[in-house]
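Peer 1: Assemble chains B, C and E onto chain P, guided by the hints.
4 protein chains.
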Amino acid sequence: MRKKQVVVIGSSDETGFNDEARAIGRFIADRGYVLITGGRGGIMEAASRGASERGGTVIGIVPGDGLDEANRFCSIVIPTGMGHARNAINVLAADVIVAIGGKAGTLSEIAYARIHCKPLICCLFAGGWSAAFPEAAIDDYQGAPVVTARDVEETCRHIEKLA
Amino acid sequence: MRKKQVVVIGSSDETGFNDEARAIGRFIADRGYVLITGGRGGIMEAASRGASERGGTVIGIVPGDGLDEANRFCSIVIPTGMGHARNAINVLAADVIVAIGGKAGTLSEIAYARIHCKPLICCLFAGGWSAAFPEAAIDDYQGAPVVTARDVEETCRHIEKLA
Amino acid sequence: MRKKQVVVIGSSDETGFNDEARAIGRFIADRGYVLITGGRGGIMEAASRGASERGGTVIGIVPGDGLDEANRFCSIVIPTGMGHARNAINVLAADVIVAIGGKAGTLSEIAYARIHCKPLICCLFAGGWSAAFPEAAIDDYQGAPVVTARDVEETCRHIEKLA
Amino acid sequence: MRKKQVVVIGSSDETGFNDEARAIGRFIADRGYVLITGGRGGIMEAASRGASERGGTVIGIVPGDGLDEANRFCSIVIPTGMGHARNAINVLAADVIVAIGGKAGTLSEIAYARIHCKPLICCLFAGGWSAAFPEAAIDDYQGAPVVTARDVEETCRHIEKLA
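Protein chains in written order, with our numbering: chain P, 274 to 436; chain B, 274 to 436; chain C, 274 to 436; chain E, 274 to 436.
Incorrect hints may have been included.
Selected chain B positions facing chain P (in silico; Cβ < 7 Å) [as the list claims (entries may be wrong)]: (1) M274; (2) V307; (3) D338; (4) R345; (5) S348; (6) V350; (7) I351; (8) P352; (9) T353; (10) G354; (11) I362; (12) L365; (13) A366.
Derived lysine-lysine pairs resembling DSBU-like cross-links, with alpha carbons at most 30 Å apart [unchecked claim]: (14) P:K434 to P:K376; (15) C:K376 to C:K434; (16) B:K276 to C:K434; (17) C:K276 to E:K277; (18) B:K276 to P:K277; (19) B:K277 to C:K376.
Read the hints as simulated data drawn from the structure, not as lab findings.
For glycine and all other residues, C-beta sits at the position ideal for the given N, C-alpha and C.
For reference, chain P alone in the conformation it holds in the complex (with noise of 0.2 Å):
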């Protein structure tokens, strides 16, 4: 009945890796999966973007009080009100969780995700935080994988395999 919930998540200000952010929406909303993302704008916009273009469900998790807070490709709209305390919410939504880039904000996600043992693709060729946790990450990986990829196409492999 539910349908699966890829949250991609990456920098709001990300303009290096757009297309392939756009690309990763596109095969979201292709294999009929919900897209989640904290809906502002970066990565997330270009994620929401693809997926809306294939006619996808897109739902922004926003850190604001407002309706109209979203980028204009969510279909749906969730405001928290609760500023970025709301990443916690963004991870506990995920099926399989995208790390394309990011910064701090990113980081407390990827830190969700460990600690609420959801799979976590991290995005190698981006750069940011997805590049780095892999290599920085002290745990031991229990409880859910975490795998990375060198590319788009790897990406998605990865996320039809952990939905």
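Peer 2: Just chains B, C and E, lined up with the frame of chain P:
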């Protein structure tokens, strides 16, 4: 782009007004609106069932951590891990709110509807706080309307007007 | 080891019952209890002022992000960054709750007091929801008492008994 | 008016660095600062014990609903009912943060420290993320300093300087 989001609130252990909640859920889906509830049983489940029967998008924003904690009619589940504090999020996600009966949890959501100036439809026929609030209310209903409905039909007319 | 924690709730823009709130704050500190409020102005500030005058510990749990967002009588500030959703936390922090007047924000806290079975003292003399709730209440007050107070003295007697 | 608030973060099941955490807790209380932790066991309990021994104010901001869920050295308990999402609040409550070891929960708090530009002291001697983060960190430490400490004494000097 974004679809209208109707939030139905009411008790998780209510049994007397499930037919009405289900009919309202059907109406919401028939109009192409997204139904959002707290994802639990009782009124939430009955409304979700109605919307699901008509192929609508049904979101459950649940208090617990798990994707499996919502009733079976939800097509998308947002676990918050925040317990009853998630009631604030339910309300923020609304274009319009429909209260059907309800106890203290519903009262907290009615209060948040007033705080965030959300249009609120109180079902007088269902008892509980949806009947008691309009009479007790001490604020002057500025910001957004509080309207009352005597039956399912009047409730649906209000939804259509306020969404 | 832990000191008793008394939470005072009421409107941030109330001006008519500040003397009463301040007297109640003094009593709380004199008894060695910790005073907790939402950290804003109005009733919260007046109660904090009273407790501060007697050297009490005064905690403000504020909706915003900043340590400087509380009234100046708070000795400790807990910023939540969660907006009004922090009302749920205020209530959970209570051994006993004192409602002095109040609008929709206070009503949400009264509702959470019922959800979490916290002893609740409603000041009838202060108007607002602290006067309107006991009359409107439709639940049967199981789990924890809801008591009413006609003046500051009766409020303080209830605090001492219920804390 | 407000006292300085020092937040100590670290694992709830850590046993190897309790003496160090306790000594740091003692220092915090001796300086007249308020100690805030997540209220659980391990590092949090050890630091709370130290501050409590010196008569300090010790606050536990706990994930659960109950006033009785904190370790026994807390003089004040703030239950959030939000699970691990309360980590965002712990960080917001800090004038300065001390990380002693730690796993994924601590990493989420380190991430929030960067998001909210809070001064962060990373104890290199305690292993875990407090040792791994400074090396892995990919942001440029703008906004607020990240400093490292090789022993308890250096940690205390940093606390005094940054609080």
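Peer 1: Indicate, hint by hint, whether the structure satisfies it.
Peer 2: Results for each hint:
no., hint, result
1, M274, "6 Å, holds"
2, V307, "6 Å, holds"
3, D338, "6 Å, holds"
4, R345, "6 Å, holds"
5, S348, "6 Å, holds"
6, V350, "6 Å, holds"
7, I351, "5 Å, holds"
8, P352, "4 Å, holds"
9, T353, "5 Å, holds"
10, G354, "5 Å, holds"
11, I362, "5 Å, holds"
12, L365, "4 Å, holds"
13, A366, "5 Å, holds"
14, P:K434 to P:K376, "26 Å, holds"
15, C:K376 to C:K434, "26 Å, holds"
16, B:K276 to C:K434, "52 Å, violated"
17, C:K276 to E:K277, "20 Å, holds"
18, B:K276 to P:K277, "20 Å, holds"
19, B:K277 to C:K376, "29 Å, holds"
The structure shown violates just one earlier hint, number 16.
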